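**Q** Taken in order, these protein sequences are the chains called A and B.
If you want this note's numbering, it's the 1-based position in the first sequence plus 914.
If you want this note's numbering, it's the 1-based position in the second sequence plus 914.
The hints are simulated quantities; they were obtained by calculation from the structure and are not laboratory data.
Some clues are possibly wrong.
Stated by the list, open to error - To give a feel for the contact side, a few chain A residues facing chain B, derived at Cβ under 10 Å:
id : residue
1  : 1060
2  : 1107
3  : 1216
4  : 1218
5  : 1224
Fair warning: this is a prediction, and the values are worked out from it, not measured in the lab.
Glycine is no exception: its CB is placed at the ideal position from the N, C-alpha and C atoms.
Number of protein chains: 2
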Amino acid sequence: MSKDSLLSLLEAEAGEYVSGEEISRKLNVSRTAVWKQVRKLESNGYTIEAVPRLGYRLTGKPSRLSVHELLPKINTRNFGRNLRLLDVVASTQDELRRLAEEGASEGTLVIAEQQTSGRGRMGRSWVSPAGKGVWMSLLLRPPVPLPLTPQLTLLAAVALSRAISRVVPVTIGIKWPNDLLVNGKKISGILLESAAEDERLRYVVVGMGISVNLDAEDYPEELLPKAVSLKMASGEAVNRSDLIAIILEEFERLYGLYLEQGFAPIRSLWEAHAVTLNNQTTLNTPQGPVHGVPRGLDDMGGLKVELADGSYRTVYSGEVGS
Amino acid sequence: MSKDSLLSLLEAEAGEYVSGEEISRKLNVSRTAVWKQVRKLESNGYTIEAVPRLGYRLTGKPSRLSVHELLPKINTRNFGRNLRLLDVVASTQDELRRLAEEGASEGTLVIAEQQTSGRGRMGRSWVSPAGKGVWMSLLLRPPVPLPLTPQLTLLAAVALSRAISRVVPVTIGIKWPNDLLVNGKKISGILLESAAEDERLRYVVVGMGISVNLDAEDYPEELLPKAVSLKMASGEAVNRSDLIAIILEEFERLYGLYLEQGFAPIRSLWEAHAVTLNNQTTLNTPQGPVHGVPRGLDDMGGLKVELADGSYRTVYSGEVGS
Chain A
915 MSKDSLLSLL EAEAGEYVSG EEISRKLNVS RTAVWKQVRK LESNGYTIEA
965 VPRLGYRLTG KPSRLSVHEL LPKINTRNFG RNLRLLDVVA STQDELRRLA
1015 EEGASEGTLV IAEQQTSGRG RMGRSWVSPA GKGVWMSLLL RPPVPLPLTP
1065 QLTLLAAVAL SRAISRVVPV TIGIKWPNDL LVNGKKISGI LLESAAEDER
1115 LRYVVVGMGI SVNLDAEDYP EELLPKAVSL KMASGEAVNR SDLIAIILEE
1165 FERLYGLYLE QGFAPIRSLW EAHAVTLNNQ TTLNTPQGPV HGVPRGLDDM
1215 GGLKVELADG SYRTVYSGEV GS
Chain B
915 MSKDSLLSLL EAEAGEYVSG EEISRKLNVS RTAVWKQVRK LESNGYTIEA
965 VPRLGYRLTG KPSRLSVHEL LPKINTRNFG RNLRLLDVVA STQDELRRLA
1015 EEGASEGTLV IAEQQTSGRG RMGRSWVSPA GKGVWMSLLL RPPVPLPLTP
1065 QLTLLAAVAL SRAISRVVPV TIGIKWPNDL LVNGKKISGI LLESAAEDER
1115 LRYVVVGMGI SVNLDAEDYP EELLPKAVSL KMASGEAVNR SDLIAIILEE
1165 FERLYGLYLE QGFAPIRSLW EAHAVTLNNQ TTLNTPQGPV HGVPRGLDDM
1215 GGLKVELADG SYRTVYSGEV GS
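Work out the full structure: start from the sequences and follow the hints.
**A** As structure tokens, this is what we get:
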């Protein structure tokens, strides 16, 4: 039994109940198989009412992103105006990287309803089920030298956290360098992939994954203590098109500010949102663990860490240990 | 008439003279066409003696790189041991980048006898005729954060200039960041292409183009005032296998030193070879021209430039203006 056949059956009844027995008979599968398939549809964003004796009734379909809904909301000069909205893709990063190599312009955006191989930092996989999140990648071609790329990583975190706070009443903390947390749980991940020729950045692909309308069931159990969605945190479903439009607006505005005035204003905003500062912390870096108290950012975008002996060390790459 | 048929004719005579008239008749082309084709063969590395009344005689064939000749000379732990030697390729950079994405290990080397779309800095093309140069790309996977990539650019210049000086009696100057000059003319270009995920370098592809045995005729006329080959500069042809083996040895040694002791020793070596320091200079940067006197490198690998008012500015990306 494919989920489509169950779905067609429910849709054919146009909101009326269909008994489990009837479904079981028509599709020639067990009652347990029917129930499992109902759960699967629910996890894909359908809402199905199950009433003993009456059976199953389709009450809601997943909200899908559409270019027609999204484009009129986008209020930017460039960002997101060249838009590719995909149903399923392995990874929006790989897709946009391909477009970048073909010469796509700054601001090009790839959005997918679902990623089958979504990637997070350090090659980890990223949970990105259909219709419930914002999984997207934005192309930048910044006229800044390669060593300043960490500043863009931090800029992305600030843009995203400001945008989310405008749409959903939650308080967002930034965990160095660019994880966004609500009540200590991760709500969004950002991944910048850059390509350079000598010190000249050819392009940067900014991957953003935001857990918007995921429910607890959508997460692997081991992630629940440290991950949360905007819907779970705020108690309400969020319109994804609104969120995407506001992210593009904030991102373009901050990026413009950065190109005009440099890193200083971005640094202040990042420090104001950071939850990593002024606490004893272990940072796992490619050169080994660094123990100390992060005090702020330096001019390049590195994290200044005060060590036990009072001296400072700047860390450019790594993660806050657990 | 194809050059192969003239070549077969000369080869068939095994070093004896063949008259122009005979060639002209056998290949059914004009004497002028014969002469043109002889010049073409010469530019591909053949040496042909032309004696009035006697005709043409093949006296030398282009030396070709071979894995059998090269591998026994390579005296490294890693660099160049995974070797791909190609006859013709669009660009060794693109070829190695593809291998890098497929997971090739550090030290993997791609060499080509000829590049049809060799690339230099800033998207310029690079003259790389068959059999006369060292056109190669080396894969690094350095455990250093992205902002330190400029240090690798400088390291490559030092490694290459030291290696060349070991093989050929010329004095090499480094023009910031990584052009190698002999008597003010460019003998080699280096191009680093890097790919990063956030601040983590995934890989760096180091492209090296060295004009080894090119003759003046091999250059477009407009390049002659500013480009030279090792053969033209030293008066002698250079064994390319020897040169490649020594480059790999120097590069691996300096790279090991860098990973162990950091940038300080590389910085000293670069400054000792540099021709860009302590002269009034204009640097063309993505942020516009910078006028001043370069005084040395900073800890990150940026060029410290003293401005007219005595203040300093650090430049990470750009070129020395002409």
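**Q** Among the hints numbered above, which are violated by the structure, and what are their numbers in rising order?
**A** 4, 5
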